[in-house]
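Place chains U, F and V on chain G using the hints.
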Amino acid sequence: MFIVDYIKDVYNGVTSLLKGMRLTGYYFVHPKEIITQEYPEVKQVLPERFKGEVVMRHNENNEHRCTGCTACELACPNATIKIVTKFDITPDGKKKKALDVFVYHLELCTMCNLCIVACPTDAIKMAQTFEHSVYDRTELTKVLNKPGSKLMDGVE
Amino acid sequence: MIEEVGTTTEGDLIINVGPQHPSTHGVLHLVITLNGETVKKVEPHLGYIHRSIEKMCESLSYRQFIYVTSRMDYLSSHINNQGCALVVEKGLQIEVPERGKVIRVLMAELTRIASHLLWWGAMGMDIGAFTPFFHAFREREAINDIMEETCGARLTMNYVVPGGVMADIHPNFQKKVNEFIKLLKSKIDEYYILLTGNIILQERLKGVGVISAEDAINFGCSGPVVRACGVKSDIRKIAPYDGYEKVKFDEVFETAGDSFARYMVRMNEIRQSLSIVEQLIDNIPEGEFQAKTKAVLKLPKGEFYSRVETARGEFGVYIISEGGLTPYRIKFRSPGFSNLAALHHMVKGSKIADMVATMGTLDLVIPDIDR
Amino acid sequence: MTKEELKTKLTELVPTATFDEAGEWLNVLIDAKDWLPMAKALRNYFDLQFDYLFNVTAVDWKTYLSVVYHLRSTKLEHVVVVKAKIADRNNPEIETVSNIWRTAELHEREAFDLMGVKFLHHPDLRRLFLTDDWVGYPLRKDYEDPLNMIKL
Amino acid sequence: MFSLESLAHNIDLGLNNIFPPTVALLSEMVIIGVGVIALFAVLGLVLVFMERKVSAYMQIRKGPNRVGYQGFAQTAADTLKLVLKEGLTPDGADKFLFNLAPFIVMIVAMLLMAPIAFTKGFQIWDINIGVLYISAISSLSVIGILMAGWASNNKYSLIGAMRSGAQIVSYELSAGLAILAMVVLTGSLQISEIVASQQNGWWIFKGHIPAVISFIIFIIAVTAETNRAPFDMAEAESELTAGFHTEYSGMRFAFFFLAEYVNIFIVCAIGATLYFGGWMPFHVGTWEAFNHVMDFIPGVVWFFGKTFGLIFLIMWFRWTFPRLRIDQLLNLEWTYLLPISMFNLLLMTIIAINGWYF
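Residue numbers (our numbering), protein chains in the order written: chain G, 1 to 156; chain U, 157 to 527; chain F, 528 to 679; chain V, 680 to 1037.
Rather than coming from a laboratory, the hints here were simulated on the basis of the structure.
Every value quoted in this text rests on a predicted model; they were computed, and no experiment measured them.
The beta carbon of each residue, even a glycine, is placed where N, CA and C say it ideally should be.
Among these hints, one or two may not hold up.
Taking lysine-lysine pairs in the PhoX-like style, the calculated list, with each CA pair at most 25 Å apart, reads [what the hints assert, rightly or not]:
1) U:K504 - U:K196
2) F:K530 - U:K246
3) G:K19 - U:K338
4) V:K760 - V:K741
5) U:K457 - F:K610
6) G:K95 - G:K146
7) G:K96 - G:K86
8) G:K32 - V:K741
9) U:K332 - G:K32
10) G:K125 - U:K450
11) F:K612 - U:K211
12) U:K211 - F:K668
13) F:K645 - F:K530
14) U:K343 - V:K741
Computed Cβ-Cβ distance ranges for the label pairs, DEER-style [stated by the list, open to error]:
15) U:E478 - G:P40: 46 to 56 Å
16) G:V84 - F:E620: 49 to 59 Å
17) G:R57 - U:K402: 38 to 48 Å
18) F:N626 - U:D406: 31 to 41 Å
19) G:K19 - V:V891: 18 to 28 Å
So here's chain G without its partners, still in its complex pose (with noise of 0.2 Å):
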């Protein structure tokens, strides 16, 4: 009948919005559901995994274990790095191809992970890092290798 039809057609959508209207009062006043994090007063730990840019590793003697193979730089899609290198002088008179400057670009990095990958000695790795925001873009042109480091020894 037109009548019932149309009481209950009023019921069931007045229903269906106060059930609505419970849950998000319920939300109201259940402030521990928040979900809010207030980011610079507490900061998240990332987990280790997490890929923020990449870093070249340094032991206490700041010796690092990169060749300058360049198997990173040709796996970068992006050319985010830049591999320069040099002849060292052995001490038994051979010249041997070392690393001279690692040029990391972070503002073309998509944080791949496929120059961690490639690594053949382990020389490079991600940092939990995330703050990444300057001023200049230039900054964000890096170089890796500590200023007079040298290839951690045994590393091939």
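Chains U, F and V alone, transformed into the frame defined by chain G:
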């Protein structure tokens, strides 16, 4: 002939919706012809974030090009990557170890849930309910945290490599996913109360943006759009990949073909994906997560096509190889591009508000359309 | 329909067609002028019923162009790949199929935009992604753009 | 005992003692004008802050929490930003109407403040047709909105304004009928008398079924009249970007924004006056002790408490429901609300004539 600004000769109003507009979810530009509130014509103008990924991939090696595809449909980036890895594996006949396959499927389904959750929230925004957005993000955040722990990134993970996955799962992965399953199961009924069951939403979506099964096929729609008309189209069922043939799940169908049917297909797909995750999470086989591959991959001369089911529909990768280090020609068949083609057909004759609601249920991701 | 059955059927349809069975699906290589009648047949014949055109693209083979159509039948669940060869690279022309499969409309516009294939009788053949005054077709192999293309 | 009534009375007496009556009246007007503007500013700040916090808590987030303690100064900071911002006028806009529209909307909101009784005897103008006055003036705000939409030279604004026109004109009817039902029950149009008639119980309890129905219709209709979600057709963020005030910026935008919130306050104040007894304390029949305790709470607190309760209800609607479509909106009015409220008016008349209320 349509003028860019002003009215047509019949006195209809022409409005530019986008490239910056709250309901186009990105830089989609629609030129709509209006007669009062009624939409007479919708014409998409594309290319605002066209990056020519296809050309870009022609100069990238078979390992490198996978990461670019994350930037297409960024909401189901893992599934895009999976499709690309599959085509390389098909060309090189690499057999992915079981563990690798299961991890891929798990991640793909989590991605699908995350994508559908974001769609649900944005759908609410499109029809004027703001609260669902945050409620959906709460659960999506849990998925993102899981992704972050295992893959190292939250959205564009680049976790897939030809031959498997890049790294093994994190030791906490199974525990976290089990927690997430519990969380989502407790919250999924709230979605019903908050939006699905709401009389206003049902009135807004039922009978709006109707497309028949024949038209949907003819327009090349895929995914939930065509499943809402009752057409079998799930690639996971038609041409199973990565071990989808071994898991039990139902392809979700509706018959009405309207916006509400599309809405319900997506809502039910969340449950189906959840059941896939549930089946697999405690049964990840032991073994290698990645097959042994050569350092430099070279596809043999020939043509390879692989298709996967992303959250939006059928994603295809078509590679023509000349035997070199890089693809000779690569083409991505993106689901959003074809779905967008049907928009005019769906909305002509309805109100502006219906157009927004229909666009919401199409779940357009603009980088996916523009590529 | 299996590959073999499709092959015999399609040979009847287009006698000049050649086949390539290397991949997963049957590849049919035809000439561009045979395409329109073949497309109609593929769509309408009772035992073919390719109603779902899921991919259209064009390939630049340096001396000629080809347009590749991936077709699937949602009812009979078979797939065929049609490659129409366009010999004239400078003025490539092929009949549109946007009146047979509506999805082709946007896909063909994309192919026109990026590869320069002219689809005859297309209802609205304009640039899709690029601006209307763009010169050249970027996906062609001989396309040069010193400003935007960075050689690695 | 100190009360706002005696304060107002003393000011009136003092001014009349010092100045001749005309000057006294003028200076009283100035005081009231300043008071109303100050109240506007405070209401704007408080209501915007309230809306942001309510929405935040319903959306499981914290809302503004940086400027000042718990973000209390956030709205003040936003206002400062809006004041300092350049007010742009789009090219091709009708400059005069474009600049006039926000002021019309503001003036209407200010005029509506006049007959509202804040507490006993504390009322700007106790006009004897108070309810009618409010119904009449509140429909004027549509002119400002139409003006803004038309003058902006923007199609989104135009569509938004037209929607708003259709909507306000329609919902005026059921709001009027809902108010009329209460007038039938009270027998007076004067706000102070309506409040006084609720001394022994609020109308929503005394008038039982028809009063409750009337209240529900009233709250729906005023939500629509103030262009609030789920009836925010005029702004419809996802469809028309910002509707009729798309092109406004700076202070003129702030006027629209402020007027929206002041309008909400006014309609809720009227709702509180008609159904919840205005500044009348909560009394229960013969519980003398209880009633006495209730009397200790000043009328202003009661008034604002009830008003803010209704405002919270309207905000609650906004942050829960999706938006209706324009044809559904009109459908709701003409096929549901209007017949129900007409029937309700009839029912109310029968009840009032027979004295079947408490």
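Here's how the hints hold up against the structure:
Restraint check for K504 of chain U and K196 of chain U: satisfied, since their Cα atoms lie roughly 5 Å apart, inside the 25 Å limit. Taking the CA atoms of K530 of chain F and K246 of chain U, the gap is about 19 Å. The hint holds against a cut of 25 Å. Using a Cα cut-off of 25 Å, the hinted pair K19 of chain G and K338 of chain U holds, with the two alpha carbons roughly 23 Å apart. About 22 Å separates the Cα atoms of K760 of chain V and K741 of chain V, which keeps this hinted pair within 25 Å; it holds.
A C-alpha spacing of about 17 Å is found between K457 of chain U and K610 of chain F, which places the hinted pair at or below 25 Å, so the restraint holds. Under the criterion of a C-alpha separation no larger than 25 Å, the hint pairing K95 of chain G with K146 of chain G is consistent with the structure, at around 23 Å. Using a Cα cut-off of 25 Å, the hinted pair K96 of chain G and K86 of chain G holds, with the two alpha carbons roughly 8 Å apart. Taken as a hint, the K32 of chain G and K741 of chain V pair is honoured in the structure, with Cα atoms around 10 Å apart against an allowance of 25 Å.
For the hint pairing K332 of chain U with K32 of chain G, the CA-to-CA distance comes to about 21 Å; that is within 25 Å, so the pair holds. For the proposed pair K125 of chain G and K450 of chain U, the alpha carbon gap of about 22 Å is at most 25 Å, so the pair holds. With a C-alpha separation of about 21 Å, the suggested pair K612 of chain F and K211 of chain U falls inside the 25 Å cut-off, and the hint holds. Straight-line distance between C-alpha atoms of K211 of chain U and K668 of chain F comes to about 9 Å, which keeps the hinted pair within the 25 Å bound.
Our distance criterion of 25 Å between C-alpha atoms is broken by K645 of chain F and K530 of chain F, whose separation comes to about 31 Å. Of the supplied pair hints, the one linking K343 of chain U and K741 of chain V holds, its CA atoms being roughly 20 Å apart against a limit of 25 Å. Between E478 of chain U and P40 of chain G the beta carbons are some 53 Å apart, a value that agrees with the proposed interval 46 to 56 Å. Roughly 52 Å separates the CB atoms of V84 of chain G and E620 of chain F, a value that falls within the hinted 49 to 59 Å.
For the hinted restraint 38 to 48 Å between R57 of chain G and K402 of chain U, the CB-CB distance of approximately 41 Å keeps it satisfied. The hinted range of 31 to 41 Å is satisfied by N626 of chain F and D406 of chain U, whose Cβ atoms lie roughly 36 Å apart. One distance hint, 18 to 28 Å for the beta-carbon pair K19 of chain G and V891 of chain V, holds here, with the actual separation near 20 Å.
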